[in-house]
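First to last, the protein sequences are chains A and B.
At position 346 of the first sequence (counting the first as 1) the number is 345 in numbering that gives the first Met the number 0, and the numbers step up by one without a gap.
At position 444 of the second sequence (counting the first as 1) the number is 443 in numbering that gives the first Met the number 0, and the numbers step up by one without a gap.
To be clear, the hints were calculated from the coordinates, so they are not data collected in a lab.
Computed from a prediction, not measured in an experiment: that's the story for all the values here.
Backbone N, C-alpha and C define an ideal beta-carbon position, used for all residues, glycine too.
You can trust all of the hints, since none of them are fake.
The following label-pair restraints were derived from C-beta to C-beta distances:
| no. | chain 1 | residue 1 | chain 2 | residue 2 | range |
| --- | --- | --- | --- | --- | --- |
| 1 | A | G16 | B | E288 | 37 to 43 Å |
| 2 | B | K252 | A | T214 | 54 to 60 Å |
| 3 | A | N41 | B | F77 | 22 to 28 Å |
| 4 | A | T214 | B | P30 | 21 to 27 Å |
The calculated lysine to aspartate or glutamate pairs, modelled on EDC-like cross-linking and capped at a C-alpha distance of 20 Å, are:
| no. | chain 1 | residue 1 | chain 2 | residue 2 |
| --- | --- | --- | --- | --- |
| 5 | A | K39 | B | E248 |
| 6 | B | K282 | A | E44 |
| 7 | B | K27 | A | D273 |
| 8 | B | K321 | B | E176 |
| 9 | A | K387 | B | D10 |
| 10 | B | K398 | A | E98 |
| 11 | A | K24 | B | E347 |
| 12 | A | K89 | B | D49 |
| 13 | A | K415 | A | D478 |
| 14 | A | K415 | A | E472 |
| 15 | A | K507 | A | E44 |
| 16 | A | K242 | A | E198 |
| 17 | A | K372 | B | E40 |
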Amino acid sequence: MALRTRESLIFESSVPGKIGMDLPKLDVPAATDTRPTHLKRNAFEALPSCSEVDVIRHFTRLSKWNFGLDDGMYPLGSCTMKHNPRLNEKTAALPGFTESHPMAQDIHVQGNLALMFTLQEWLKEITGLPAVTLHPSAGAAGELTGVMLMRAYHLSKGAHRRVILIPDSGHGTNPATAAMAGYDVVELPSREDGTISFEDVTDPSTGKIRKGFATLVAELGNEIAGAMITNPNTLGIFEYRIKEIADILHGIGALLYMDGANMNALVGTARPGDFGVDVMHLNLHKTFSTPHGGGGPGSGPVACIAALEPFLPRPVIVRETAKVGEGEVPKHAYRLDWDRPESMGKVHAFFGNFGIVVRAMTYCLSHGGDGLKAATLRAIVNANYIRKELTGVYHLEYDTPTLHEIVFDDSIQTKKGVSTLDIAKRLLEYGFHPPTIYFPLIVHGALMIEPTESESKQEMDAFIDAMKKIAQEADENPDILHQAPTTTVVRRLDETTAARKPILRWTKA
Amino acid sequence: MRYLPSAPSEDRALLDAIGVERAEDLLKGIPPELRLNRDLELPPQASELDVLRTMTALAAQNRRFTARFLGAGAYDHFVPTAVDMITSREEWFTAYTPYQPEVAQGTLQAIFEYQTLICDLTGLEVTNASMYDGATATVEAALMAVRQAKKKNTILISQGLHPHYQEVLCTNITPHEGLKLVQVALKDGVTDLDDLKAKLGPDVACVMVGYPNFLGCVEDLKAISDIVKPAGALLVSVTQEAMAFGWLEGPGKLGADMACGEAMSFGNYVNFGGPFLGFLAVKDAYKREIPGRLIGQTKDLDGQTGYVLTLASREQHIRRDKATSNICSNQALVALRANIYLQLAGPEGLKGIAEQNAAKAQYLRQRLLELPAFEAVYDQPFFNEFVLRYTGDVKAMQKACSDEGILAGLDLSPYATTLQGCTLWCATETTTRAQIEHLVEVLARIPSLG
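Chain B on its own, in the form it takes in the complex (with noise of 0.2 Å):
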């Protein structure tokens, strides 16, 4: 085995030191009856090359694109050689988490950073070191909404947020006696504010909003805020594309409290949904309530500016079962990623791919709608993601793409009785024009229902 440091003579030398004639000997604390007196039913060991051959063949069973038009939590765009090149460096993706910070300034120094850009991003004022995705940061938000506003018990989600989000949410609010969560409809495609006031009671702690949503569209969070503000419930943005923060305000800006959502669009690939990356971002009034860890700036004993994780006393290896969250391992090595991205990237470069993607998406919709099997379902801005209706099959559609090795856009008929017929398109800087001329030219040749 060619990782094992393993030789004869200095196995036999470990063991005549420890004192024992075998390895098993050692497990004599495990009683006879309980250990495996077989070996495991499994494939022998196998050489480097042979492992790579396997999973080469697996990876080539999957269906590669030359063309994707399908985001909806998951998008596709260009990660920079330097991302790949900096992170594959053992100090970065070995280490571990900095317990000790005189040997982990790097990591250190590196999440403080990453901690000021999602707070320019959100504009807020406290975010921690990353949560697992966007869903389960959605989670935690409303968790800690929940502690924050004390004896309310209503969570009220926007059916705007993406289905995914809204069912993981479910999943953890569910074992919470008393909580409840409560969906407020939408109209033409965005939060349907009478709904909203209509819902807004004394009993709700927040009102969770997708910006943009689930169907792409942008919502008005400062009209939001402008509802929720005088009925006493925090307002929590909900991001599925954080890419959209480059050409939108952030939310902290527009009133929202918390800002919470998936950041694997900044330098990351789509990975078929992980490792991805989940931020919370708070006002500085909740930063003793927020989850997972934080990391502070402070001085040495020679009065030098260093790095150390802080406010630990929230955390589960502190505070046990009174703790903010369980969350312990994070995801350190994609806010890395997002961190080098964005510094790459800077405020001009942001900005600049945040203006292809809206300008790729438009064309793309604008393309599709002068084909008559198409239809406009919203009057909303969108970013990079939009909803049409297409008035044919959209599963023979969606294969006429696929042999043509286009991925269309998302059926959404098994999301809700109102999206029947309605599909979800997303363009990012990664989409050519080309590539839009294609897949325009596939669908025209699709026979018409006549």
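The shape of chain A in the complex, shown without the other chains (with noise of 0.2 Å):
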């Protein structure tokens, strides 16, 4: 059966007098209008009237122009695109969970507070670290959260330091992080094998001068309230020097801070408090299999050493004791504590994205320790079987050992004039999500691949066939790359129009 290509926005075929929901009867006395007459609602603009028939029959239609996890291999690089269990929808939707209440009563939330607590206890073993927050809502959040936690720290001390260091291997949202607390941002170089360098790097393109960490630790000394450091990095290289720069910039009285988007290359098998992280994040939606949401909701808890402890936003929660004997023992009670006088303040109107807390506990009694510890290694073999197969055939800038993912470019394809963008538009001709291109900046067109530990050999052998045969259409044919897509719903759109004129909403004709 074909699908239908077209299906217009809703406000097209909205019918006015159809309604899709209805309601009891009022059983109370109509309201008394009480609203000054300007304030009052006039007519909608957009507003549709649809059946029920209707709006589900419209969502249907569209959702089957998305690729979805289920659809397929989903490589995106960075994004560790893993299987959704159906078990955690279904724990997050029990209605003890969705009924509760943020405003209620801490008595009348146990469940909700032994969950975050019980949460908070693995993320502190896993990561080595002694104290968590669950609040903020994403990725970016935690940063946000951590680094805020870095400049209150510094207050305490007394210390205005203005500079974060940031690796040009980073996230976009690294920077944008930084700048967002108040800090300016001096870039750190990568050297040759796609580390962080501790030495002056020379562009090659330009001839300028970069300057390394040693250099800029020298230079700007106590200026620096800490550095941000994705590790593994965004070429899935275990930044091996990490001890290193932790202990140097603890020299200075500056913090290391880890985004922890690479976890499940660490899970089980190395924790950044071990190797001198101060303040990190997680992503939930990455490392713990929450669902992405065709763009959130996340999850992105913050992690730090006990220093940085007082700081952490408020409330937190706290397991109550009691005492026996000469000592106390934890009860199964726990409370919500508002009186952190050194707090840095609420990053949330309640608890930050309390359903999706939910789906990653679910996750980590699923696994358990053992099974956390074998689905990152089953993700680092995923990743290497990757790199094995397409070396060659796709050009590896950096050849250093890797961890959860692999980064190629198209500079064997580019030859013949073929590019990332190409090689990513006719995967989808194949079948498959593309991987993360051009990202890193740091590698000319790059591919990011992550399979992540979801994929069977089978996936992956279909994938690297796909990739094998579009590199010889490269060779061959590089038109047919050009052309592509040609399958999907809509072929190639012209983003600079949407950019130069942007149409942002319907309006009526």
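Please dock the two separately framed chains into a single complex, following the hints provided.
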């Protein structure tokens, strides 16, 4: 059966008089209108009138134009598109959770507090850091919370440090976050093996000298509040001098922030707290399997050392204790502690994306400590299998050992006029979601592949086969690639006009 | 482990192809002294049935109520079944951010429709694909106003803003040296216009006002706009209960330059406060300054209409430290729920629901005021929330209610000295007359102060 290739905007199929939702008859007297006339809602201009059937068909048809995780391999590097277990959806939908009110008294939400406390304990063990907050709503929100913790720490020591060091391979959210927290960003160059350079680096294209980590530390000294480092970095390479970097930073009173986007390579194999990290965020929507939802919601818990704990966003969850003889034992009772005089303040109206936290807890319980480590190892095996099979077919700029992801580029194919974009678009026709493209910025024409632990050998073999065929096509018939995709619901879209003359909503003709 | 595609023969084949003996050999990039050379001290893996039992037991430790009269930023509205059913399709909930538009037209067109609906509700021209929640949307609105106003450094916030929003605003504005947050007092439950005039100097970038505010009162945005505009500041409305847009005119039509707030009420559960749905809508003139993702309409190579992420040069992945915000992941699936909800409701449905909210809240207030222990506090129009003073012990009253399975209104005492003994009550379309009568009966039984 052929799917419809057109589905008009809902506004164009609206028929006044239709309705897709009804309510019980009003069982109290009608409202007395106390609104000043000018505050009364006038007509709506766009809100459509549809039956439930219309709306369900509309969204079902639209859904078929999306590529989801269950349609096939989704090897977006740095995004960790692992399987979204259905059990997680079921537990998050339990009415005991969904009905619980964020302004209810602690005694009425003991299940939520116990769950959040338990997940915090798991994340402490996984990161090797002694304090965790679950409040940040996404990775970038976690970064902001983490950097503001660093700021609060330095201020408590009476220091106004203005600089944050960020590698050129870092996610764009890192410098954007540092700026939002009021810091100046200074970039750290990468060396030829893809890791942070201690020494100065000469840019081959401009001939400009870029100062390395050691030089910047010597020159900026106590101006430096800290560094934000992704580990393993966006090339999938473990920053093997990370402990040394941490020691040097600590030596000048600065802190080390770790972007935990790539934690799927480390859960059960290495702990940031053990290699000198002071504060980091995790992405529950990456490492802990919660769905991406077409762009969100995510959740970005922050873990930190004891010295940063007093500054954590309030409220924090406290487990009550009971006196037994001389000592105290934990009780199965929890409360929210709002009395945190040194807290940086609140970062979310309530406690962050609680529904996502429920899913991540479910994932953790399913895996257990042994399953989490097994998942990490399998993710690393999968990435290295693809690396092995595609090396030579695609160019590998950095041949340092990699963990959970691998970054190729298009330099072999550009000789035939084929770009990374062409490769990505052709891959759509083979039934795969493309890898992350043109990131990290330090690899020209990057193709960043992260298969995750969820992919079977068969699925990866099919992907590898498609990538090899595309390389062959690039060599023999590059025009197929330039034209791709032709089998999708739309072909390549005019993004230039979209930005030049933006149409950002429907308006009545 | 049921989620891992592991079989001994294939595992071996993978390792052989790579050329290593064991998976652990691939950790050679991590210096041995930095590895975790022990097992995680966590419980072992568990079956689906066991995990479901554990999680069900946790959920059961939350107190469930048969009637709920608590709002204060998280509102109990009916969620039509279609919302849950549609969003449980994998094409919606498992997909990534629509960076490859040819295979994400579903998500992209849906967000374009969502943007259209938020603009319609707020009476403004441009909105983004969503923000985390009402509080962080308020932060982004303030930062945007300051960027827009260049040299002006003061943000005036009405004390009527949700106290949590005020605190989140403070957390995020504090790191910006030179920026000032100044509160404008309330008078009879709404922004004190004399205090506003007094504080509205040339340094003020924007004025942020609750609509309706935390105390449930409907501010006269038009009157406020008439004061703010001549002073050259921007007016930002902050709405913690977007269902009010079915009852009240869109802020943009009343002079607001930006409208932000919380739209969880459209198709979402209270869910202990998240995931919720922050929105931020602005006048067309500010579209290149708005943070977050924007979807635009365009054509493909064959001239067919399609949708793409656009104006990305504002965003962190392009502009890095010069971006308008660091936001990347947003609340897309929650926005989809709101979109489905609003399409099901339509103009008649939304007005009907809003009218029921107003009617139930008015009836609840009237019935409570018939009890000697309650006193009116403000004389202002309200939507589905209102403040009453309780002359007895608020905590004991709440306890009496919860003993009967009723979640009572919020104790406002911790929020301001002027609010001692005050309580904030909410009713929505889900509240029944029988629930209200039961509440009244329970309250009437509490021994009076005598």
